[in-house]
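Each protein sequence line maps, in turn, to chains A and B. My numbering numbers the first residue of the first sequence as 1 and each following residue consecutively. My numbering numbers the first residue of the second sequence as 1 and each following residue consecutively.
Bear in mind the hints are in silico, worked out from the structure with no lab data behind them. Note that CB positions come from ideal geometry on N, CA and C, so glycine has one too. Don't take each hint at face value.
[Said to hold, decoys possible] Taking CB as the label site, the calculated pair distances span:
no., chain 1, residue 1, chain 2, residue 2, range
1, A, Thr6, B, Tyr639, 44 to 54 Å
2, B, Asp570, A, Ala158, 43 to 53 Å
3, B, Leu65, A, Arg4, 18 to 28 Å
[Claimed, not checked] Here are some of the chain B residues that sit facing chain A, going by a computed Cβ distance under 10 Å:
no., residue
4, Ala237
5, Glu260
6, Thr547
7, Pro562
8, Arg578
9, Leu626
10, Thr628
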Amino acid sequence: MNRRRTLDVSHLPTFAFGQRDPLWWGVMGLIVIESTVFVLGLASYFYIRGNHFEWPPSGSDPIIRVLATVNMGLLLLSCLPMHWANTSALKRKLRGMRWGLVLASLLGLAFLAIRIINMQAVGFRWDSHAYGSIFFTLVGLHTVHIIASTLENLVIAAVLFIGPVEEKHLVDVRVNGMYWFFVVASWVPFYVLLFMAPNLFRA
Amino acid sequence: MSSGSVLPSPALPDAPPLESEAEARERAQLERTWSPLGGLKGWLSDVHHTTIGRRFIVTAFIFFLLGGVEALVMRLQLARPESTVLGPDLYNQVFTMHGSTMMFLFAVPMMEGVGLLLVPLMIGTRNAAFPRLNAFAYYTYLIGGLLMNVSFLLDMGPDTGWFAYVPLSGPEYSPGKRVDVWAQMITFTELSALAGSVNMIATIFKLRAPGMSLNRMPLFVWAQLVKAFMILFSMPAVMLASLYLAMDRLIGTHFFNPAEGGDALLWQHLFWFFGHPEVYIIFLPALGILSSVLAVFARREIFGYLPMVLAMVAIGFIGFGLWVHHMFATGLPQLGQSFFTAASLMVAVPSGVQIFCWLATLWGGKLRLRLPLYWILAFFALFVFGGLSGVMLGAYALDLQVHDTFFVVAHFHYVLIGGAVFPLFGGFYYWFPKFTGRMLSERLGKWHFWLFFAGFNLTFFPMHYLGLMGMPRRVYTYAPDRGWTDLNLLATVGTFIMAVGLVLFVVNVFWSRKRGAVAGDNPWDADTLEWATSSPPPPYNFLHLPTVRGRYALWTQAVDQPIVTGVRSDRPEVLVTRLMDAEPDHRMEQPGPSLWPLAVALSSGVAFTVSIFTPWGIVIGAGLALITLTGWFWPKKPYREELLEEQP
Ligand code: HEM
Ligand SMILES: [Cu+2]
Numbered sequence: 001m002n003r004r005r006t007l008d009v010s011h012l013p014t015f016a017f018g019q020r021d022p023l024w025w026g027v028m029g030l031i032v033i034e035s036t037v038f039v040l041g042l043a044s045y046f047y048i049r050g051n052h053f054e055w056p057p058s059g060s061d062p063i064i065r066v067l068a069t070v071n072m073g074l075l076l077l078s079c080l081p082m083h084w085a086n087t088s089a090l091k092r093k094l095r096g097m098r099w100g101l102v103l104a105s106l107l108g109l110a111f112l113a114i115r116i117i118n119m120q121a122v123g124f125r126w127d128s129h130a131y132g133s134i135f136f137t138l139v140g141l142h143t144v145h146i147i148a149s150t151l152e153n154l155v156i157a158a159v160l161f162i163g164p165v166e167e168k169h170l171v172d173v174r175v176n177g178m179y180w181f182f183v184v185a186s187w188v189p190f191y192v193l194l195f196m197a198p199n200l201f202r203a
Numbered sequence: 001m002s003s004g005s006v007l008p009s010p011a012l013p014d015a016p017p018l019e020s021e022a023e024a025r026e027r028a029q030l031e032r033t034w035s036p037l038g039g040l041k042g043w044l045s046d047v048h049h050t051t052i053g054r055r056f057i058v059t060a061f062i063f064f065l066l067g068g069v070e071a072l073v074m075r076l077q078l079a080r081p082e083s084t085v086l087g088p089d090l091y092n093q094v095f096t097m098h099g100s101t102m103m104f105l106f107a108v109p110m111m112e113g114v115g116l117l118l119v120p121l122m123i124g125t126r127n128a129a130f131p132r133l134n135a136f137a138y139y140t141y142l143i144g145g146l147l148m149n150v151s152f153l154l155d156m157g158p159d160t161g162w163f164a165y166v167p168l169s170g171p172e173y174s175p176g177k178r179v180d181v182w183a184q185m186i187t188f189t190e191l192s193a194l195a196g197s198v199n200m201i202a203t204i205f206k207l208r209a210p211g212m213s214l215n216r217m218p219l220f221v222w223a224q225l226v227k228a229f230m231i232l233f234s235m236p237a238v239m240l241a242s243l244y245l246a247m248d249r250l251i252g253t254h255f256f257n258p259a260e261g262g263d264a265l266l267w268q269h270l271f272w273f274f275g276h277p278e279v280y281i282i283f284l285p286a287l288g289i290l291s292s293v294l295a296v297f298a299r300r301e302i303f304g305y306l307p308m309v310l311a312m313v314a315i316g317f318i319g320f321g322l323w324v325h326h327m328f329a330t331g332l333p334q335l336g337q338s339f340f341t342a343a344s345l346m347v348a349v350p351s352g353v354q355i356f357c358w359l360a361t362l363w364g365g366k367l368r369l370r371l372p373l374y375w376i377l378a379f380f381a382l383f384v385f386g387g388l389s390g391v392m393l394g395a396y397a398l399d400l401q402v403h404d405t406f407f408v409v410a411h412f413h414y415v416l417i418g419g420a421v422f423p424l425f426g427g428f429y430y431w432f433p434k435f436t437g438r439m440l441s442e443r444l445g446k447w448h449f450w451l452f453f454a455g456f457n458l459t460f461f462p463m464h465y466l467g468l469m470g471m472p473r474r475v476y477t478y479a480p481d482r483g484w485t486d487l488n489l490l491a492t493v494g495t496f497i498m499a500v501g502l503v504l505f506v507v508n509v510f511w512s513r514k515r516g517a518v519a520g521d522n523p524w525d526a527d528t529l530e531w532a533t534s535s536p537p538p539p540y541n542f543l544h545l546p547t548v549r550g551r552y553a554l555w556t557q558a559v560d561q562p563i564v565t566g567v568r569s570d571r572p573e574v575l576v577t578r579l580m581d582a583e584p585d586h587r588m589e590q591p592g593p594s595l596w597p598l599a600v601a602l603s604s605g606v607a608f609t610v611s612i613f614t615p616w617g618i619v620i621g622a623g624l625a626l627i628t629l630t631g632w633f634w635p636k637k638p639y640r641e642e643l644l645e646e647q648p
């Protein structure tokens with residue numbers, strides 16, 4: 001048989017970082033979906049607010065703002081160890097990846113504990129009024145993200161501690177980090193709107 | 001490359017060259033690597049895109065038949081005034097089941113399945129990007145569909161219409177579990193569609209054959225890509241809405257309760273922010289099918305590739321600016337009325353561009369009038385007709401007059417059936433030989449076509465008149481003195497004629513699968529890569545991964561078009577290429593067959609189904625999901641050469 005022309009790809013690597021990697025696109029897709037959910041959640045918030053003269057309808061206690069601010073700080077702080085894990089993945093360093101993930105998870109757990117206290121202190125429930133409904137739903141949605149992300153951090157950390165560690169886990173660490181940054185950043189508008197300035201953009 | 005000029009080279013029935021020994025070895029190895037496991041476990045754990053795609057298609061078709069039976073029963077009830085086939089309560093359930101089944105369990109998953117089955121083959125790769133996610137998407141969809149249909153059998157079927165408007169669907173006016181079932185079905189099917197879309201985007205962006213740059217992608221693939229993006233931005237709206245609804249009903253929130261500061265119109269906004277794009281989510285893939293069939297049966301390139309792509313993208317964007325035209329009857333401010341009327345009329349522009357490009361393709365082509373083309377030509381007639389009544393409805397003044405009458409029912413069946421079901425049948429006749437190795441019978445096929453076409457028009461054309469005469473939709477009966485009797489009877493007769501056509505189609509499929517004429521690899525002389533492999537394709541899709549050097553891959557290939565070598569055959573490996581120009585970038589190993597996606601789907605099934613009865617469902621389901629997800633992602637035994645130097 002005659003020999004066909006060929007395009008040999010055997011020399012190519014078996015993984016790649018960033019937008020060269022299909023998994024990166026998968027997580028990007030997830031981020032787009034979640035962002036859409038959050039934006040539509042905000043839109044619902046504004047829509048319901050439009051029906052009210054007084055907002056929030058039942059006033060609010062200063063302590064929950066303090067707690068919320070502490071919590072926002074914790075989340076922002078968690079970006080440091082996550083960044084450490086991320087850069088260690090590029091440098092193929094196990095230690096940074098492991099401990100970066102563990103530290104970020106601990107901050108995530110602390111955040112969750114404070115959030116539980118915070119939500120008990122707000123003084124109304126999801127079934128008190130429409131404001132309570134949207135408030136608890138938005139906070140709840142974000143809490144679910146923190147729980148899921150923290151668990152994911154811990155599972156990846158477990159893989160890195162138990163081993164054997166493969167090269168493609170470097171990609172997982174980076175993609176996971178990207179998602180964590182998203183979960184942190186997406187809370188900022190909610191923090192401002194739900195806790196600090198509920199009447200923002202109001203004529 | 002100029003469009004519309006290059007004629008496909010005449011068919012060269014190139015005798016298959018004898019396989020060399022090395023090739024035979026490679027084939028055997030690929031066979032071992034890519035074949036599913038055996039037995040029941042193999043069946044449940046299969047993750048290959050052709051299997052999952054086929055399952056989507058078959059399941060969606062079964063739901064189509066169920067929805068069709070529901071339509072038949074409704075038409076029986078409406079054939080005569082004051083008839084008693086269905087009582088009012090059952091009629092409510094049946095039309096809700098019909099609408100929800102057709103939209104959520106048939107149309108979207110069907111398009112999803114067609115894309116999943118064809119796209120990886122068309123772009124010349126061995127599987128979709130995330131095989132396990134595909135299996136998960138299928139099982140979630142199946143669970144959602146079963147949930148709704150089993151509930152219906154238990155007299156718990158949803159009964160507030162396919163868009164479940166509050167306050168009717170709220171806790172006050174719809175006690176019981178019917179609407180909860182509907183809301184959870186939505187969650188399942190949308191989850192499935194979202195998973196499928198992420199997968200589709202990653203597949204199209206990263207797994208194209210070397211040389212298939214974005215501007216050489218088949219129009220079918222473009223259509224699937226735009227569809228996937230539309231799903232990402234629209235489905236979250238209906239998921240959020242159904243979450244609010246479920247919470248209002250189950251744990252006492254007040255999203256839609258005006259007494260506590262909620263707002264019923266919030267439901268309509270969220271629903272239609274999804275609902276209008278939904279129409280294009282169904283319709284765009286149909287356009288993709290149409291372009292594929294048209295190029296092959298007009299035997300030339302589609303006129304105006306670039307305008308076609310831009311039109312699809314434009315429809316994708318404009319589709320999100322239109323939702324309020326479904327709410328003209330809710331009393332909008334004047335400015336809103338004009339804005340959304342204008343936007344609704346604007347979408348006619350890209351649609352028009354597409355129609356003219358196709359007409360230009362037909363104009364200069366040497367038509368081969370075979371069955372797939374029949375359905376496409378019928379599409380033109382029906383879709384233009386449905387589009388015209390759509391432009392009428394897009395005008396605020398007219399919409400107010402015929403809102404909630406049978407005029408609307410006639411309109412949307414012309415666009416949905418004419419615009420999606422007809423191209424789907426065309427595509428079915430076209431691709432059937434690829435996946436079974438056999439041709440469908442032309443004679444039975446012609447009967448199917450003509451009966452379906454005639455029956456369709458007999459059913460739905462009279463409904464325009466019924467609507468103008470004032471017959472409202474969603475009524476279970478009418479009085480004999482209204483003058484609606486004859487046209488209703490005619491519509492019912494038409495439905496039965498369609499049904500006979502469908503039965504012939506099913507007979508044709510079963511008969512031809514075993515006894516149809518043997519098709520060969522490329523019976524239509526088609527241009528896209530799926531025709532470059534055997535019929536049916538092997539579990540690894542291609543023995544040699546192809547390369548591409550033009551838009552119409554097989555029509556433009558060089559005599560010595562290179563093949564890709566160096567992708568491992570002893571592991572399920574795929575070639576990853578660059579986003580824009582599809583240059584080879586790296587090789588990626590894919591996860592193999594697994595039962596975990598099924599387990600995760602079942603745990604979300606538990607979560608959502610049990611939560612209809614108690615909020616604990618969420619807690620139990622979340623626990624199960626945690627365990628099963630960890631199982632899913634826990635790494636398999638690694639290969640030595642891919643370990644990190646540093647180890648714990
Ligand atoms: C196969 C032939 C079909 C027939 C004979 C048929 C007939 C009908 C009838 C009689 C109604 C109810 C009218 C009323 O009482 O208000 C209806 C509603 C509807 N149909 Fe079909 N239909 C067919 C196919 C389809 C398909 C393929 C789709 C979508 C892809 C579809 C989507 C709908 C929707 C969304 C509704 C509205 C349900 C509601 O009011 O909530 N139908 N159809
Ligand atoms: Cu619309």
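Structure-based check of each hint:
1. Separated by about 25 Å at the C-beta atoms, Thr6 of chain A and Tyr639 of chain B break the suggested range of 44 to 54 Å.
2. Here the CB-CB span from Asp570 of chain B to Ala158 of chain A is close to 30 Å, at odds with the stated 43 to 53 Å.
3. Distance hint check: the CB atoms of Leu65 of chain B and Arg4 of chain A are about 46 Å apart, inconsistent with the given range 18 to 28 Å.
4. A cut of 10 Å between beta carbons decides the hint on Ala237 of chain B: the least distance to chain A is about 6 Å, and the hint holds.
5. This hint holds: Glu260 of chain B has a C-beta 5 Å from the nearest C-beta of chain A, less than the 10 Å allowed.
6. Using the Cβ-Cβ criterion of 10 Å, the hint placing Thr547 of chain B at the interface with chain A is satisfied: the shortest such distance is roughly 6 Å.
7. Interface restraint check for Pro562 of chain B: the shortest CB-CB distance to chain A comes to about 4 Å, inside 10 Å, so the restraint holds.
8. At its closest, the beta carbon of Arg578 of chain B sits 7 Å from a beta carbon of chain A; the interface hint therefore holds under the 10 Å criterion.
9. Hint on Leu626 of chain B holds. Least Cβ distance to chain A is approximately 6 Å, under the 10 Å limit.
10. Here the hint on Thr628 of chain B is broken, as its CB sits about 12 Å from the closest CB of chain A, past 10 Å.
When held up to the earlier numbered hints, the structure conflicts with 1, 2, 3, 10 and fits the remainder.
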